[in-house]
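Please model the complete structure; the sequences and the hints are all you need to start from.
Top line first, the protein sequences correspond to chains R and S. First residue of the first sequence? That's 134 in my numbering, and the numbers climb one at a time after it. First residue of the second sequence? That's 24 in my numbering, and the numbers climb one at a time after it.
Take these hints with a grain of salt, some might be off.
[Claimed, not checked] Residues from chain S that face chain R, not an exhaustive set, calculated with beta carbons under 7 Å:
| hint | residue |
| --- | --- |
| 1 | 60 |
| 2 | 121 |
| 3 | 122 |
| 4 | 148 |
| 5 | 386 |
| 6 | 395 |
| 7 | 396 |
| 8 | 397 |
| 9 | 422 |
| 10 | 425 |
| 11 | 465 |
[What the hints assert, rightly or not] Calculated Cβ distances over 10 Å to all of chain R for the following chain S residues:
| hint | residue |
| --- | --- |
| 12 | 140 |
| 13 | 176 |
| 14 | 330 |
| 15 | 331 |
| 16 | 339 |
| 17 | 341 |
Don't read these hints as lab results, they were simulated from the structure. Every value quoted in this text rests on a predicted model; they were computed, and no experiment measured them. Think of the CB as a built atom: it goes at the ideal place given N, C-alpha and C, for glycine as much as any other residue.
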Amino acid sequence: MQRRDWLKGVSVTGMGLLSSRWVTTVEAATLVSEKFPALADLALSYASSLGASFADFHVMQTDSESLFAREEMVQGVNADSRLGCSVRVIVNGAWGFAAGENLSEEAVKKMTAAAVALARGQAGWRAHPVEIESLPAYDGSWEMPIEIDPFTIPLEEKVGQLLGINRSALGAGANFCSSYLRAVRERKWLANSFGTRISQSRVRINPGFSVTVTDPRQGGFASRESFLPPRAAGYEHLCDWKSVEEASLAVEQAKEKMAAPSVTAGKKDIVIAPSNLWLTIHETVGHPTELDRALGYEANYAGTSFCTPEKLDTLRYGSEIVNIFADRTADQGLSTIGWDDDGVQTAGKEFPIIKDGIFRNYQMALGQAALIGREGGSNGCAYADGYDSVPLQRMPNISLQPGRDDGVTVESLIADVEDGIYVDGRGSWSIDQQRYNFQFTAQVFHKITNGKLDGMYKDVAYQGNSVDFWNACDGLGGKDTYELGGAFNCGKGQPGQGAPVSHGAVPARFRQINILNTAEESGRKVASKCECSGGGTAWA
Amino acid sequence: MGLTKQEFAILSEKVLDMVEADSAEVRLQETEDLQVRSANNDVTSNGFIDRFQIGITVSYGKRSASIEINQTEDEAIRDAVKKVEAMGKLAPEDPEHLPPVEPGEYLTPITFSEATAAMTPEEALAQVRPVIEQSRAAGVESAGYLERSVGSSALANTNGLFIHQQSTGVKFSVTARAAEGRGSGWASAQATDLANFDPAPVGEKAIQKALASRNAKERKAGRTTVVLEAPAVRDLLSILSWNLGQRGFDEGRSFLNGLVGDDGELIGKQLFGENATLYSDPLYEPAPCGVHSDGIPREKTMWIENGVVKNLMVPRYWAQKNGTDPVPWPGNLIMPGEGKSTEELIAGVEDGVLITRLWYLRQVQPQTLLYTGLTRDGTFAIKNGRVVGPVNNFRFNESPANVLKNIVASGKQERVLGSESDSPAHVPALVVKDFNLSSVSEAS
Chain R
134 MQRRDWLKGV SVTGMGLLSS RWVTTVEAAT LVSEKFPALA DLALSYASSL GASFADFHVM
194 QTDSESLFAR EEMVQGVNAD SRLGCSVRVI VNGAWGFAAG ENLSEEAVKK MTAAAVALAR
254 GQAGWRAHPV EIESLPAYDG SWEMPIEIDP FTIPLEEKVG QLLGINRSAL GAGANFCSSY
314 LRAVRERKWL ANSFGTRISQ SRVRINPGFS VTVTDPRQGG FASRESFLPP RAAGYEHLCD
374 WKSVEEASLA VEQAKEKMAA PSVTAGKKDI VIAPSNLWLT IHETVGHPTE LDRALGYEAN
434 YAGTSFCTPE KLDTLRYGSE IVNIFADRTA DQGLSTIGWD DDGVQTAGKE FPIIKDGIFR
494 NYQMALGQAA LIGREGGSNG CAYADGYDSV PLQRMPNISL QPGRDDGVTV ESLIADVEDG
554 IYVDGRGSWS IDQQRYNFQF TAQVFHKITN GKLDGMYKDV AYQGNSVDFW NACDGLGGKD
614 TYELGGAFNC GKGQPGQGAP VSHGAVPARF RQINILNTAE ESGRKVASKC ECSGGGTAWA
Chain S
24 MGLTKQEFAI LSEKVLDMVE ADSAEVRLQE TEDLQVRSAN NDVTSNGFID RFQIGITVSY
84 GKRSASIEIN QTEDEAIRDA VKKVEAMGKL APEDPEHLPP VEPGEYLTPI TFSEATAAMT
144 PEEALAQVRP VIEQSRAAGV ESAGYLERSV GSSALANTNG LFIHQQSTGV KFSVTARAAE
204 GRGSGWASAQ ATDLANFDPA PVGEKAIQKA LASRNAKERK AGRTTVVLEA PAVRDLLSIL
264 SWNLGQRGFD EGRSFLNGLV GDDGELIGKQ LFGENATLYS DPLYEPAPCG VHSDGIPREK
324 TMWIENGVVK NLMVPRYWAQ KNGTDPVPWP GNLIMPGEGK STEELIAGVE DGVLITRLWY
384 LRQVQPQTLL YTGLTRDGTF AIKNGRVVGP VNNFRFNESP ANVLKNIVAS GKQERVLGSE
444 SDSPAHVPAL VVKDFNLSSV SEAS
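See the structure below:
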């Protein structure tokens, strides 16, 4: 259907007649549409007739729902549904891509021609032809297992959950509290010229809140965000969340943070909880080991990487106890899926990135392994964030494995720290374009004195060099301490794309890490001694 | 692509006619993008993207809900209306809910160019090709991104509001990297009209920076005078603008709360240097912008004038509650400059650092608006009024509020891209004293 068809039957001057002049010419498309194989055949055969040596045809539908509540008010009840298709081709060793929301035969032919034009337009000045490996042809489907479809939960129940959080926070003394719930269903249908026809569906959910306490007399305020990570899961993810209790605790911690002594800058031993460490893994190991970055494909935006190909199998990335693995198959992993968006099956493609402290492999998409002489082709790391996005190499789930001793707990890691900090909850994050210099904050920085928690610090950031940091790791929690964190929207590419990704982690101890005082960094003078008592924080 | 204003009006009315709720708003947007991305002196990906978006918000008294869809079949829209009405009926009452915006007077900036809209895939590639060929000839590896966008949008509601605006834009950025000596340079350009756009000199600038930044020398971190080129300035000003909200200040959770004195007064108070002025204006020809924010007309608005805070953004509800007028979020940012060339700015610096671009800016401390981030793609030492050579990159920890207090001199306004925002901006390079370069970055 063309957009102007939408106007059919409408008198340009007769606005009053509009309501009785609707035209329904095309059935609303769904991902089980019988049209898709025919559209795919059209796109692939037309691309071939125009000279394409490879082509694929994607249909994607992304449905989402987001709720937002502020204090005792529900201020956002939103739904979003986007459906469309794309054609990607290789012609004369050059990529071309086009996409649109229109699923008519005419539109698919037009986008195929546009993709071919973009590839053909590189003829005569392209230096290196694109080459890709052959892939097996698959005919299958994959559906993420969830227990409770979040889209079937009554709105009242979901809103009630958010308002319950906010009431708890306000009751505990918060001046402000906002809470949110986002759910996404992503459905994909892929056909390519290798003969693949795949249908896939997955769901993810992201609940959270933020509380703020203020001190009008001092012009000060402090916030604390929730710790529950997003997951590739249904509404069951919220069932075990003691959200009301956490909201109350968050207020107490925000108050304590506001009154806490300002940290003294310098080197300290730190123990990092999985709630914070997942993001450090993401930034210091995840992004540096994307092969497209290492090869310069992201140089104009996200950057390149210190982790260049000659360091494969030789770089001591971390201490011997550090093992970081990648997969797209983990239970509740946000990157988990049956086939990636190049049509590579993910089962059996799991791989180590760091094994016993040594850098062992990159994340790769179609056509990339051969660029560094690796056999076996792509390890299934392609993803497009919508019908209108070209597949890029994106992160699989990348996780820090537990230490060898199952008896190690976060308490035992802390017990071996004389003067340090226990870092909990995701804060702000920043890292340079080659992934050397990072700086992170957290939700809560607990002071450690002689192996025990001893109140809080405020104004803290930890900063370092990625490789030095992982080599300073001397303690890891056992398998019972493993938790899966993650990001709903990791950004990459031009135009920018968001990708969901999980990172499992155990609590880990790092020696002599650089601690900054952020108040001093801002140019503010810091009182040499705090008049307030920090108070202790009990283990939950 | 290419629905007319009249067609947008008809389609808006058509959607509104389907709604049975007390009131409704419909948002329509049609866009067509051309994208060409390159790396290692070859095109790596590209795209011709055609989109249509329909947004519907319905209200029953103080209950409301919204939906966005991109399918234009009648059945899809009817389903969307049914769904959003069901959601709206179930939504709890929001005490802060307001009825749809009343029609207002809207400015008519020139935000559309036929030449830009007419660009073909072949022409987009032809824009990028000279930069790639320049890079090959210079022995550097370039990575770039060109995007041409054409859009039409409409906002209509049951109060009789109908606003239509067409826009075009073309933007290009490129990073050139010299393998030997680890040099890197970046440059960018942005225009509404293709006639004002030429990627070739942008590529040349990036290449020259890459070659000039080879073999960087070590320089220690610390507070110093910096020359921030326009892309770095626009990032810091964007961050500042996102935090100029009246409600956050009134609620005591703004960085501004820590800057005002005991009287708590903000408007009219000198908080920044006398040479700090920041305003927005949809009609500003070098960088025009959208004429409304959620239906509230945008007009020329002075945010900071000679260091004095003049206005903050005021949401509709907050304005009504406090008996004032709403002030919409800005669509562009303009900072007047002294018109000095970058060389003239450098000439006034005895010891400092020239910074091409900032990267990965993230908030560290909301109380002071402290942000961290890094320099990249061209960082140079300045001694006795001239650039003496490339130096290592730095992580900075600095507040844009401090930057506005510490401006020493300013250059000629440029329309460039930033790392954090692509919205229209016309800002100069700045010389800023006491800028906190907090630690050294090994990145090059």
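So, going through the hints one by one against the coordinates:
1. 60: holds (5 Å)
2. 121: violated (11 Å)
3. 122: violated (15 Å)
4. 148: holds (4 Å)
5. 386: holds (6 Å)
6. 395: OK, holds: residue 395 of chain S within 7 Å of chain R, min 5 Å.
7. 396: Holds, because the Cβ-Cβ distance from residue 396 of chain S to chain R comes to roughly 6 Å (cut-off 7 Å).
8. 397: Holds, because the Cβ-Cβ distance from residue 397 of chain S to chain R comes to roughly 5 Å (cut-off 7 Å).
9. 422: Result: holds, 6 Å to nearest chain R Cβ.
10. 425: holds (6 Å)
11. 465: holds (4 Å)
12. 140: holds (16 Å)
13. 176: Label holds. Min Cβ-Cβ 14 Å, cutoff 10 Å.
14. 330: At about 17 Å from chain R, residue 330 of chain S clears the 10 Å cut-off, so the statement holds.
15. 331: holds (20 Å)
16. 339: The assertion about residue 339 of chain S holds, with a minimum of 13 Å to chain R.
17. 341: Correct as stated: the minimum Cβ-Cβ distance to chain R is 13 Å, above 10 Å.
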